[in-house]
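Colleague: Protein chains in written order, with my numbering: chain A, 1 to 358; chain B, 1 to 88; chain C, 1 to 244.
Any given hint might turn out to be false.
Cross-link-like lysine to aspartate or glutamate pairs, in silico, DMTMM-like; alpha carbons within 20 Å at most [as the list claims (entries may be wrong)]:
1. A/K275 / A/D250
2. A/K275 / A/E343
3. C/K221 / C/D180
4. A/K234 / A/D150
5. A/K91 / A/E228
6. A/K357 / A/D250
7. A/K205 / C/D36
8. C/K186 / C/D231
9. A/K275 / A/E240
10. A/K357 / A/E301
11. C/K223 / B/E42
12. C/K223 / B/E20
13. A/K186 / A/E228
14. A/K204 / C/D85
15. A/K91 / A/E223
16. C/K12 / B/E20
17. B/K4 / B/D68
18. C/K235 / C/D180
19. A/K213 / A/E82
20. A/K205 / C/D13
21. B/K9 / C/D231
22. C/K221 / B/E42
23. C/K186 / B/E20
24. C/K221 / B/E20
25. A/K275 / A/E252
26. A/K204 / C/D36
27. A/K275 / A/E350
28. C/K12 / C/D36
29. C/K241 / C/E196
30. A/K205 / C/E162
31. C/K243 / C/D180
32. C/K12 / B/D6
33. A/K154 / A/E240
34. A/K275 / A/E347
35. C/K12 / B/D68
36. C/K241 / C/D180
37. A/K186 / C/D85
38. C/K12 / B/D8
To be clear, the hints were calculated from the coordinates, so they are not data collected in a lab.
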Amino acid sequence: MSGNEALAEAAIVAGVDAYFGYPITPQNEVPEYMSRRMPEEGRVFVQSESELAAINMVFGASAAGARAMTSSSSPGISLMQEGISYLATAKLPAVIVNIMRGGPGLGNIGPSQSDYFQATRGGGHGDYRTITLAPSSVQELADLVQCSFDLADKYRTPVMVLGDGVLGQMMEPVVMQRHANTPPQKPWALTGRGRNEDGTANGKKLRPQNIVKSLHLGDGVLEGITLELQATYKQIEQKEIRYEEYLLDDAELVVAAYGVMARICRVAIQQARAKGLRVGLFRPITLWPFPSAILRQHAQEAHAVLTVEMSYGQMLDDVRLAVGDVAPVEFYGRAGGVIPTVEEVLEQIERQAAQAKE
Amino acid sequence: MAGKIDIDKERCKGCGLCVEACPQGLIRIAAASNRMGYFFAEPCGTGCTGCAICALMCPDLAIEVYRDGGQVQAAPQTPPSKLIKEPS
Amino acid sequence: MRNVFTRTASMKDTTTHYCPGCGHGVVHRLVAEAVDELGLAERTIGIAPVGCAVLAYNYMDLDMVEVAHGRAPAVATGMKRFRPDAIVFSYQGDGDLASIGAGEILHAAHRGEHITVIFVNNAIYGMTTGQMAPTTLLGQVTTTSQNGRNAETEGYPMCVAEVLAVLPGTIYVERCSLHDAAHTRKTKQAITHAFELQRDNAPGLALVEVLSPCPTQWRLKPKQAMQWVRDEMVKTFPLGKIKG
Numbered sequence: 001m002s003g004n005e006a007l008a009e010a011a012i013v014a015g016v017d018a019y020f021g022y023p024i025t026p027q028n029e030v031p032e033y034m035s036r037r038m039p040e041e042g043r044v045f046v047q048s049e050s051e052l053a054a055i056n057m058v059f060g061a062s063a064a065g066a067r068a069m070t071s072s073s074s075p076g077i078s079l080m081q082e083g084i085s086y087l088a089t090a091k092l093p094a095v096i097v098n099i100m101r102g103g104p105g106l107g108n109i110g111p112s113q114s115d116y117f118q119a120t121r122g123g124g125h126g127d128y129r130t131i132t133l134a135p136s137s138v139q140e141l142a143d144l145v146q147c148s149f150d151l152a153d154k155y156r157t158p159v160m161v162l163g164d165g166v167l168g169q170m171m172e173p174v175v176m177q178r179h180a181n182t183p184p185q186k187p188w189a190l191t192g193r194g195r196n197e198d199g200t201a202n203g204k205k206l207r208p209q210n211i212v213k214s215l216h217l218g219d220g221v222l223e224g225i226t227l228e229l230q231a232t233y234k235q236i237e238q239k240e241i242r243y244e245e246y247l248l249d250d251a252e253l254v255v256a257a258y259g260v261m262a263r264i265c266r267v268a269i270q271q272a273r274a275k276g277l278r279v280g281l282f283r284p285i286t287l288w289p290f291p292s293a294i295l296r297q298h299a300q301e302a303h304a305v306l307t308v309e310m311s312y313g314q315m316l317d318d319v320r321l322a323v324g325d326v327a328p329v330e331f332y333g334r335a336g337g338v339i340p341t342v343e344e345v346l347e348q349i350e351r352q353a354a355q356a357k358e
Numbered sequence: 001m002a003g004k005i006d007i008d009k010e011r012c013k014g015c016g017l018c019v020e021a022c023p024q025g026l027i028r029i030a031a032a033s034n035r036m037g038y039f040f041a042e043p044c045g046t047g048c049t050g051c052a053i054c055a056l057m058c059p060d061l062a063i064e065v066y067r068d069g070g071q072v073q074a075a076p077q078t079p080p081s082k083l084i085k086e087p088s
Numbered sequence: 001m002r003n004v005f006t007r008t009a010s011m012k013d014t015t016t017h018y019c020p021g022c023g024h025g026v027v028h029r030l031v032a033e034a035v036d037e038l039g040l041a042e043r044t045i046g047i048a049p050v051g052c053a054v055l056a057y058n059y060m061d062l063d064m065v066e067v068a069h070g071r072a073p074a075v076a077t078g079m080k081r082f083r084p085d086a087i088v089f090s091y092q093g094d095g096d097l098a099s100i101g102a103g104e105i106l107h108a109a110h111r112g113e114h115i116t117v118i119f120v121n122n123a124i125y126g127m128t129t130g131q132m133a134p135t136t137l138l139g140q141v142t143t144t145s146q147n148g149r150n151a152e153t154e155g156y157p158m159c160v161a162e163v164l165a166v167l168p169g170t171i172y173v174e175r176c177s178l179h180d181a182a183h184t185r186k187t188k189q190a191i192t193h194a195f196e197l198q199r200d201n202a203p204g205l206a207l208v209e210v211l212s213p214c215p216t217q218w219r220l221k222p223k224q225a226m227q228w229v230r231d232e233m234v235k236t237f238p239l240g241k242i243k244g
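Whole structure, please, built from the sequences with the hints as guidance.
Modeller: If you want it as C-alpha cells, here you go:
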C-alpha cells in the first residue's frame, strides 16, 4: 500500500470514529481513501472547508468522546496550530498526521523535515507539548498511527504523526493487524447529561454537567491546569520514549536522523562500514519526548555526532541539547523539497571520519 | 385576578427594564442598593395581575411571579400541549 | 397563589457577570426554557463562543464546550456527526459568527448540518470593550469606527440571516428582537422552533438571529438601549421569518 492509504487504513483498524480533512498535496490520498472507507464502516467522514475547520471538527468529535483524526501537510498544519493548542489545554485526545512538504510558505510538494520545530516546539501558543511520532517505513507509519490513538487516549492529549511526502507516496508491503487498545471510558465526554457514552439513556437522574474548556480565569486556576499538563508531560517523558539503535555498539560516529532520512543514512552507513568506518545510526522515533539520555550515552561512547535532516537543522537543536559538550555535533541537511542522496551522506560520514583522525 | 411578584434584590442589577415593561407601573427602583452596589428594583403600589411581563424582560431571573385564578401563561416547566385553562 | 414564572431547571441558580440590561441573560433563559419545555436537556450539548457569553456554561446547566473564536459551527459538525442523537446548539455573538467565524457558519449551513444556531446580534464587540462588528450600523460610533461606520472604508453591516437563508442547507432562519415583551415572546417561539426542528431530525441548519442590547458598549442606559434596538437596529435588520 502507499503510505497515505496505509495510514488511513491503520486508523480504521485502530477504531477511528471520525475523520475530518481537507485536500492538500502530498496527502490527498488520505481524505480520498477515508471518504470511501469511513462510510463503509459506518463511521464519520467530512471533507471540511479548510484545515482550520478540520481541526475544530476533530475538537468537537473528541469532546463528544470519539477517536478523532485529521491529516494535512505543512501549510495546512500551520492552520491547525490554534486548534492543537486548544486540544492540549482542554485535554482532548486527537491524532494529527503531517505529511511534510517543502516550505516555508506555499513551498513545493517535495518531501521535507522542516516542521520539526512546529511539531515539537508548539507551534501553537502556550505551554504545551505534542507527542510527536516519526515513522520511517510504511509499516511503521501504520503501526505508529495505531499507537497514536492509544497514546492520545491514555494521556488525553493531541498526538502528531510526522511523515513526509516520500513516505506518503511510496508503496511497501504492510501487515495490517489491530494492536490498538479499546478506548478507555471517558466520563468527561459530552454526551448530554442524561446519556451514557454509547448514547443510551442513563436513567432518570441527570448527572452533573460536563464542561470541556480551555479558559481558566480564576486566580491561580490556569497555573493549576498547566501544572497538571506539565505533570502529564513528565509521565510521557518517562514512559513513552521510542528510538532505534543500529550498529552503535562500537561506533565512533553516531549519525542521528529520523523518518525517511534515517533510511537513506542507514544505507550510507552500510556502505561506510564496508569501507571500514565505525559508524552507526541513532533514530529517534518519538521526537517529543526526545530520547536525550540515551543519545547522550551513545555520544559519550563515540567521538562525534552527525545530524542529518531534510531541513536546515531543527532536530539539531535537540541533539545539541542532549549531547551537550560530551562530543562535537555536526550537521548536514538540505531543504526545499530536496532529499539528500546516499552518496551525499556517505561523503559527510567520510569527511567526519577524516576530521576525527586529525 | 390577583398577582404578586418577588424581586430578589441581590440578583437584581437595577437595569430598570422591568420598571419600563410593567403595564401598570408597579415596579420602581429602590433608594437602597444591594451588595453589588446596584440600586435594585422593587414592587410598589397595588393591582398586580401576575402578567409576568416584568419577569419576561428581566435578564437576571430576579423576579418570581405569582397569580391566583386566570389562565396559566408561560410556566416554564409545562409543555405547551398541557396548558391548563381555568375559569377566571 | 400559584407560581407562574420561575427559573427553569437548565438555568443555574446564580447571578451572571453580564452587564445590567444585557440581552444575554434573556437569551440564555429562553434557550434553557426551550430545551426544558421540549424535554431535551438530557441529550443537549451546547457550544459557548468567545465573547461575553464565553462563560455560558456557568449559567446553563447543560453539557457544554467552549471553543476557539468562531469555530463553533465546525465543532458542532464534529459533535453532531459523531452523536446524531444529541441536540447540538451553538450560541454565538456577532464577532464569533459573522467575523472570524464567517467561514465556519457558511459551510455548516451549506452542508446543512442538523444543528441549531443561536446568533446574538448586538452590533458591536462587547467583551473587548466596544469595537466595530460586521453588524455595526452605518454611522454607528465604536472604538474602531470613531467617526461612525463609513461604508466606503468599513463596508456595510452584514445581514447574516439573509445571507445564510440563500443556502439550501439552511432549513429555518428567523430574525427576532428583545426590545419589548411581545418581541421577546416571539424570540422564544423562534428558539423553541429551532430546537424542535433538530429534535425532529429536520434536514438542515436552523438559525435564530436575536437583536440584543449592549448598554455598556453602546454607552446607553438599558431602557435607551432597548429603544435603540427597536428604533435603529430593526431598520437595518428586518424582523421576521426569512426561511422555513
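Colleague: All the hints need checking, so say for each whether the structure fits it.
Modeller: The hints, checked one at a time:
About 15 Å separates the Cα atoms of A/K275 and A/D250, which keeps this hinted pair within 20 Å; it holds. Of the supplied pair hints, the one linking A/K275 and A/E343 holds, its CA atoms being roughly 14 Å apart against a limit of 20 Å. Between C/K221 and C/D180 the alpha-carbon distance is near 15 Å, which keeps this suggested pair within the 20 Å criterion. As the CA atoms of A/K234 and A/D150 are separated by approximately 18 Å, the hinted pair is consistent with the 20 Å bound.
Our distance criterion of 20 Å between C-alpha atoms is met by A/K91 and A/E228, whose separation comes to about 10 Å. Restraint check for A/K357 and A/D250: satisfied, since their Cα atoms lie roughly 16 Å apart, inside the 20 Å limit. A hinted pair counts as satisfied when its Cα atoms are at most 20 Å apart, and A/K205 with C/D36 qualifies at roughly 14 Å. With a C-alpha separation of about 18 Å, the suggested pair C/K186 and C/D231 falls inside the 20 Å cut-off, and the hint holds.
Distance hint between A/K275 and A/E240 is unfulfilled; the C-alpha atoms sit about 36 Å from each other, more than 20 Å. Pair hint A/K357 plus A/E301 holds up; C-alpha atoms about 16 Å apart against a cutoff of 20 Å. For the given pair, C/K223 sits about 17 Å from B/E42 by alpha-carbon distance, which is consistent with the 20 Å threshold. The suggested pairing of C/K223 with B/E20 holds, with an alpha-carbon distance near 7 Å, which does not exceed 20 Å.
Between A/K186 and A/E228, the direct Cα distance comes to roughly 18 Å. Compliance with the 20 Å bound is thereby established for this hinted pair. Taking the CA atoms of A/K204 and C/D85, the gap is about 17 Å. The hint holds against a cut of 20 Å. Our distance criterion of 20 Å between C-alpha atoms is met by A/K91 and A/E223, whose separation comes to about 15 Å. Of the supplied pair hints, the one linking C/K12 and B/E20 is violated, its CA atoms being roughly 26 Å apart against a limit of 20 Å.
Taking the CA atoms of B/K4 and B/D68, the gap is near 9 Å; set against the 20 Å cutoff, the hint holds. About 16 Å separates the Cα atoms of C/K235 and C/D180, which keeps this hinted pair within 20 Å; it holds. With a CA separation close to 14 Å, the supplied pair A/K213 and A/E82 stays within the 20 Å bound. For a cut-off of 20 Å, the pair hint linking A/K205 to C/D13 stands: about 18 Å separates their Cα positions.
Distance restraint check for B/K9 and C/D231: the Cα-Cα separation of roughly 31 Å exceeds the 20 Å cut-off, and the hinted pair is therefore not satisfied. Distance check on the hinted pair: C/K221 and B/E42 sit about 19 Å apart at the alpha-carbon level, within 20 Å; holds. Annotation: proposed proximity of C/K186 to B/E20 holds, straight-line Cα distance about 19 Å (limit 20 Å). Restraint check for C/K221 and B/E20: the C-alpha separation of about 12 Å stays at or below 20 Å, so the hint holds.
Among the hinted pairs, A/K275 with A/E252 is consistent with the structure: their alpha-carbon atoms are about 14 Å apart, no more than 20 Å. The suggested pairing of A/K204 with C/D36 holds, with an alpha-carbon distance near 14 Å, which does not exceed 20 Å. The suggested pairing of A/K275 with A/E350 holds, with an alpha-carbon distance near 10 Å, which does not exceed 20 Å. For the suggested pair C/K12 and C/D36, the alpha carbons sit about 13 Å apart, so the restraint of at most 20 Å is met.
Distance hint between C/K241 and C/E196 is fulfilled; the C-alpha atoms sit about 16 Å from each other, no more than 20 Å. Using a Cα cut-off of 20 Å, the hinted pair A/K205 and C/E162 is violated, with the two alpha carbons roughly 41 Å apart. A threshold of 20 Å between alpha carbons decides the hint, and for C/K243 with C/D180 the separation of about 23 Å lies outside it, so the pair is violated. A C-alpha spacing of about 18 Å is found between C/K12 and B/D6, which places the hinted pair at or below 20 Å, so the restraint holds.
As the CA atoms of A/K154 and A/E240 are separated by approximately 11 Å, the hinted pair is consistent with the 20 Å bound. Of the pairs offered as hints, the one joining A/K275 and A/E347 holds, with about 12 Å between alpha carbons and a cut-off of 20 Å not exceeded. For the suggested pair C/K12 and B/D68, the alpha carbons sit about 27 Å apart, so the restraint of at most 20 Å is broken. Between C/K241 and C/D180 the CA atoms are separated by roughly 18 Å; this keeps the pair inside 20 Å, and the hint holds.
With a C-alpha separation of about 18 Å, the suggested pairing of A/K186 with C/D85 holds against the 20 Å cut-off. Only pairs whose Cα atoms come within 20 Å are accepted, and C/K12 paired with B/D8 is accepted, the gap being roughly 15 Å.
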